[in-house]
Amino acid sequence: MGGLVEQQIVDALAGFASGDIAALDRVVAADHEVNAMEVAVDRECSTIIAKRQPTARDLRLMMAIIKTITDLERSGDEAAKIARMAKQIFERERMKMPRISDIRTAADIALGMLRKVLDAFARLDTVAAAAVIREDQAIDDEFRSILRQLITFMMEDPRTISMAIEIVFIAKAIERIGDHAKNIAEYVIYIVKGTDVRHTSFEFIEREAQS
Amino acid sequence: MPNFWIQPALRLGGIALLGLVVGLVWDLTAGLGVVAAGLLVLVVVQLVYLQRLQRWLDDPEAAVVPEGWGAWNSVFSTLYRARRRDEASRKGLTSALERFRQAAGALPDGVVLLDAGFHIEWCNSAAEAHFGIELARDQGLLFTHIARHPVLADYLALDVGAMPVTMRPTQNQAQILSLQVIPFGAADRLLLSRDVTAIERAETIRRDFVANVSHELRTPLTVLTGFLELIADDIPREPAVARRQNQLMKEHAERMARLVEDLLTLSRLESDSVIAPSTRVDVPALLDHLGVDAESLAAGRHRFRWDVDPHLAVTGSEQELRSVFSNLVSNAIRYTPAGGDISVTWRLQKGQAEFAVKDSGIGIAPEHIPRLTERFYRVDTGRSRETGGTGLGLAIVKHVLVRHQAKLEIDSEPGQGSTFRAVFPSRRVRHLDTAAADTDPAASTG
Chain Y
1 MGGLVEQQIV DALAGFASGD IAALDRVVAA DHEVNAMEVA VDRECSTIIA KRQPTARDLR
61 LMMAIIKTIT DLERSGDEAA KIARMAKQIF ERERMKMPRI SDIRTAADIA LGMLRKVLDA
121 FARLDTVAAA AVIREDQAID DEFRSILRQL ITFMMEDPRT ISMAIEIVFI AKAIERIGDH
181 AKNIAEYVIY IVKGTDVRHT SFEFIEREAQ S
Chain W
1001 MPNFWIQPAL RLGGIALLGL VVGLVWDLTA GLGVVAAGLL VLVVVQLVYL QRLQRWLDDP
1061 EAAVVPEGWG AWNSVFSTLY RARRRDEASR KGLTSALERF RQAAGALPDG VVLLDAGFHI
1121 EWCNSAAEAH FGIELARDQG LLFTHIARHP VLADYLALDV GAMPVTMRPT QNQAQILSLQ
1181 VIPFGAADRL LLSRDVTAIE RAETIRRDFV ANVSHELRTP LTVLTGFLEL IADDIPREPA
1241 VARRQNQLMK EHAERMARLV EDLLTLSRLE SDSVIAPSTR VDVPALLDHL GVDAESLAAG
1301 RHRFRWDVDP HLAVTGSEQE LRSVFSNLVS NAIRYTPAGG DISVTWRLQK GQAEFAVKDS
1361 GIGIAPEHIP RLTERFYRVD TGRSRETGGT GLGLAIVKHV LVRHQAKLEI DSEPGQGSTF
1421 RAVFPSRRVR HLDTAAADTD PAASTG
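Quick mapping for you: the protein sequence lines, in order, are chains Y and W. In terms of this note's numbering, the first sequence has 39 at position 39, counting the first letter as 1, and numbering is strictly consecutive. To get this note's numbering, take the position in the second sequence, counting from 1, and add 1000.
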C-alpha cells in the first residue's frame, strides 16, 4: 500500500511537470485502489485483534498499522488532488510562471520523507523515524517560500491569481504529505518504545528514539 | 584389531598370574584379593581416561588433547585426526561459499535470494543499490516492505517464472530496471534486476530515427506523386505552370537524393572503424576548392573572408573532412541573410588546429545548442526545409569529428550570428613543409 501511494505521488508530480493529461487522469482513477487497500488492511487488523488478542508490542503494532493506513490513504488523496489541480491548470492554459523548481524541491523532500518513514517502519528503526520528523520543518519552510513567491506574482499581475491559487493547493497538498509522513514516524517510535511522542518537542522525540 | 587385544590380554594375564602365584604361596583368598585389587585399579584408570575424553569432547576447541595410555592413546589420536579433517573441509567449504558470494556480489546485475515467504535471504551490492536494501540490516525482512513499488508487488504475487517486467524505482526515477524471478530449490526464488536505462534510451532514439526518416522521405514523395498523377491523367497544363511544377518535382527529387546520400554517409561513418586514418590531409588545398564552391553557392549575396594558414595540415580522412567543412560553410550561407558576412578561419591555436566559421546570421537560442547535432533536430522546421537542409548535416559533422578525436564548439547569440568551431587535437596536427613551395614553378624559375 505504501508503495502504491509513493508511486501515485511520483506520477502526479511527473504529470504536473510534463503536463501529460492522460497520466494525470490515470492517477485520479487509481486513487480507488488505495482506498480499497485501506479497507482491506483495516479488516485484516480487526480480524487479528479479535482472533489472537495480541498484547504489548504486537498490540501496539496493530494500533499503529490502523493509524498508518489512514495517513497513507490521505497521502493518496493528496496525490489525486495534485493530479486534479494540475489537470485544471494545463487544460485551461499553459502556465507562464517559474513554478517547477520550488515545488519540485518541496515535493522531493516530501517524497523522501515518505520513503524513509516507510523504510523505518519496515525496519522498525526509531532513529531514522526521528530524523524524518525533523525534516518536516524543511517542507514547512519551502511551503512558506512558495507562498511568498506566488503572492508576488499575484500582486504583479492579477490575471495569474486563479492559477496561483491552484498552485497553492498543490503546494499545500505536498506539505500535507510531509505531515502524514511525520505522523507515521511517530507511530514507528510508538511501536518500538511504547511512548506516545505526538505533540512533543524534537528533543524529547530524539531522546526517546535513541534510548 | 589383534594389536588392540594384545596389551589388555597381557595386563589381564599378568593380574591373573600374580593372583595365581599369591594363591599358591599364601592361600586362595589372598590370591583372589590381589586379582580384585588389580582389576579395580584397571577400572579406575579406564574411568579417569573416559572422564578426560568427556572433558575434551565438551570443549574440543580450547582444551589440550589429552595424553593417552594404552588403547586410549590410539582412540585420542584417531579422534584428533578426524577433527582436524573436519575442520579442514569446513574451512574449504566456507571459502568456496565465500568465493561464490563474492562472484555473485561482483555481478553487474542485482541478485536477491528470497525464501518462500519473500523474505530477503541474501543480495549483492547491485541489488542493494537498485532496491534501496541494506543487507546487514534488512536480512530476513519482507522484500516488498523495502522495495515497495506496486509493479514489483504485483509481479512477485504472480506465478513464478513469468516474463521479465520493467519498472522505474521510486527513489531514482531516471533509472529503468528489468526484473525477473527465477524459482530454485524447494520454494526459494532468485530475483534478478538489470539496469536497462541505456538500452531503453537507445531503443527510443532508434524509434524516433525511423519515424523521422519516414517522415522526411514521405514529404517529397507526396509532392512527386501528386504532380505525377496530374501528368498520368493527361490533364492539360499551361506551359508556365508545367515548367514550375517540373521545377518543383526536380527540387524534391534532389532533396530525396540528398537525404539518402546523407543517410548513407551516416551509416558508413557508423560502420567504419572508430578511429579515422592518420594519412595527411592538405587542408589549405581542400579549403581552396571549397571556397570556389561556396562563393558560387552564395551567388554574391554574402561577403566572404578567408583566413587560411597555408602550412597547417591535419591527419584524417580527406573525404570526411571535406564533408565537415562544406557542411559548416553551407550552413553559414543558408542561415545568413543576403548582405551578411561569413568569415572562415583555419589556424593553429594553442597547438590545436582550429577550423572556424563565423557568420552574421540569425543565430541560435541557447536551449537549442545542445541538441543541434541530433539527427533531424530543427530549430525552425519551415526555414531549414525551404533552404534545402536534410537535418543530418550537423549529425554527420559530429560523427566525423568524433572519429578524428576533434571537438565541435558552438557559440551563438540570436540575431547576432553564430560561430562553429571544429578543434583538432595537437596529435593530429601536421606541418606542411615548404616542399610545396619548392616545386612551385614560380619559385623554381624565379
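Hints should not be assumed to be uniformly reliable.
[As the list claims (entries may be wrong)] Derived DMTMM-like pairs: lysine to aspartate or glutamate, alpha-carbon spacing no greater than 20 Å straight-line:
{"id": "1", "chain 1": "Y", "residue 1": "Lys116", "chain 2": "W", "residue 2": "Asp1309"}
{"id": "2", "chain 1": "Y", "residue 1": "Lys67", "chain 2": "W", "residue 2": "Asp1272"}
{"id": "3", "chain 1": "W", "residue 1": "Lys1358", "chain 2": "W", "residue 2": "Asp1309"}
[Said to hold, decoys possible] Now the stretches of chain Y that chain W is said to cover, found in silico as 3 or more residues with beta-carbon under 8 Å:
{"id": "4", "region": "3–13"}
{"id": "5", "region": "114–123"}
[Said to hold, decoys possible] Over the 12 Å line for every Cβ pair with chain Y, so calculated as not near, a few chain W residues:
{"id": "6", "residue": "Asp1086"}
{"id": "7", "residue": "Gly1132"}
{"id": "8", "residue": "Arg1137"}
{"id": "9", "residue": "Leu1141"}
{"id": "10", "residue": "Thr1144"}
{"id": "11", "residue": "Ala1147"}
{"id": "12", "residue": "Pro1150"}
{"id": "13", "residue": "Val1151"}
{"id": "14", "residue": "Met1167"}
{"id": "15", "residue": "Arg1168"}
{"id": "16", "residue": "Gln1171"}
{"id": "17", "residue": "Leu1259"}
{"id": "18", "residue": "Pro1366"}
{"id": "19", "residue": "His1368"}
{"id": "20", "residue": "Lys1398"}
Simulated from the structure, these hints should not be mistaken for lab results. All residues carry an ideal CB built from backbone N, CA and C; glycine is no exception.
Hint-by-hint comparison with the structure:
no.	hint	in the structure
1	Lys116/Y - Asp1309/W	63 Å, violated
2	Lys67/Y - Asp1272/W	64 Å, violated
3	Lys1358/W - Asp1309/W	17 Å, holds
4	3–13	holds (count 5)
5	114–123	holds (count 6)
6	Asp1086	38 Å, holds
7	Gly1132	7 Å, violated
8	Arg1137	6 Å, violated
9	Leu1141	6 Å, violated
10	Thr1144	7 Å, violated
11	Ala1147	8 Å, violated
12	Pro1150	5 Å, violated
13	Val1151	8 Å, violated
14	Met1167	9 Å, violated
15	Arg1168	8 Å, violated
16	Gln1171	6 Å, violated
17	Leu1259	32 Å, holds
18	Pro1366	17 Å, holds
19	His1368	19 Å, holds
20	Lys1398	28 Å, holds
In summary, the numbered hints that this structure violates are 1, 2, 7, 8, 9, 10, 11, 12, 13, 14, 15, 16.
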